[in-house]
Amino acid sequence: MPLTGEKYTQLNQPEATTDGADHGRWIACDESGWDGEQLIGRKRRFLVYASVAVDDIEAAALIQQLRDQAGIRQARELKFDLFKNRTNRWSLLQQLWEPGGALHDRCSVYVVDKEYAAAAKVIDLVLEEKEHDEGGNLYADGKARALARTLALEGPRALRGTLFQELMSAFVTLASRRGTSRQDEVLGVFVAALDQAWAASTRKAVTALLARLRGARNYAAFHEDPADPVFPQLEMLIPAVAQTARRWDRRVGRVSVLTDEQQMLTDDALRTVHEYACAPVGMTLLTRERGADVAAVVRGSSVDHPSIQLADLLAGATAAVAERHEGNPSDAGEGLWPVITSFVEIALFRWRIRQPRPGAEPGSRWAAGRRLEPVRQAAGGRVRRRCRCRRRRCRRPSRSRVRR
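Number 288 in our numbering belongs to position 279 of the sequence shown; there are no gaps in the numbering.
Below, computed lysine to aspartate or glutamate pairings styled on EDC-like, alpha-carbon distance capped at 16 Å: (1) Lys16 / Glu270; (2) Lys16 / Asp276; (3) Lys130 / Glu244.
For the record, the hints were derived by calculation from the structure and aren't laboratory data.
Required output: the full structure, derived from the provided sequences and hints.
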């Protein structure tokens, strides 16, 4: 259903998009996996924001071609659900995206690991505030990122049982808009969970980090900023749109962004996206980046814009690959992961991104770098590993570490 209300009356794009000098290159976008500020304990762990550099004129022909080849006649619009369970259909998408396809080098995916994002927000909204007041800068030399990775990666191992989940859930409740109306109550819950986690931690790095957070507890009281009512502190969709616009400007120059209708993307939110995308960013002269040349950031309906349908197909395919990464494989996820990972340009992961290696076994790795299955050596070769004696000059292969 189209969005209604005063918040959605201005930045709409009812007409078909066409590339040109005024608007530059049109970028159609859609999301999958959005849960608002609820970053912990959700069914879908990843937020995917997919974008395709195509206008409606070209997209209409591609959509019609997909309809004819897939035999889809009655559906009002094309969704990934119509393709994911049929190999003959999702293979058409693979042909569209792979080298030589009509949309190869014209797709981009922004992926957020919501659990890691929550850990990063703990550092950003609590610990960094204290460091800033004391004259420090956690953003220098990647300190904030390193602390976030420590909390996200080692936290579940250091806090046995449900302690880590309870700590992160308490923080999300505290920092979300729902918590601003009952700050005293939710702050007490978070402080109690933090104290319990610090006392129970079994890893030195996590214990030290939790101790620093306990020392910054006075900075954990959040209040909604009246000057910025459109940007919730834990909302990841708004920065995803802005970063996507900036990324495409680096690739193709002047752009206009057409995003699918979404209740979070109000007129004020889209203005915020536009303002941020066009503004320079960076803490120092060495890291400072120029603002992007973004002509417009508007919303539209996928029914009216075939370009958004192409973005929806990409978002759905990326979500299927993400599910495969989480141990929920599907034929579509297995078949599409090599081409999808090549589109992941911007990611917020707890794991390092690794692009698929040439000649690697299909299904062995995903872009986030987490190994799901052993990588087999081509032609039955051997992988030599250091002997378990761990002497630097010892080159004897240990049997337990040799794989065929």
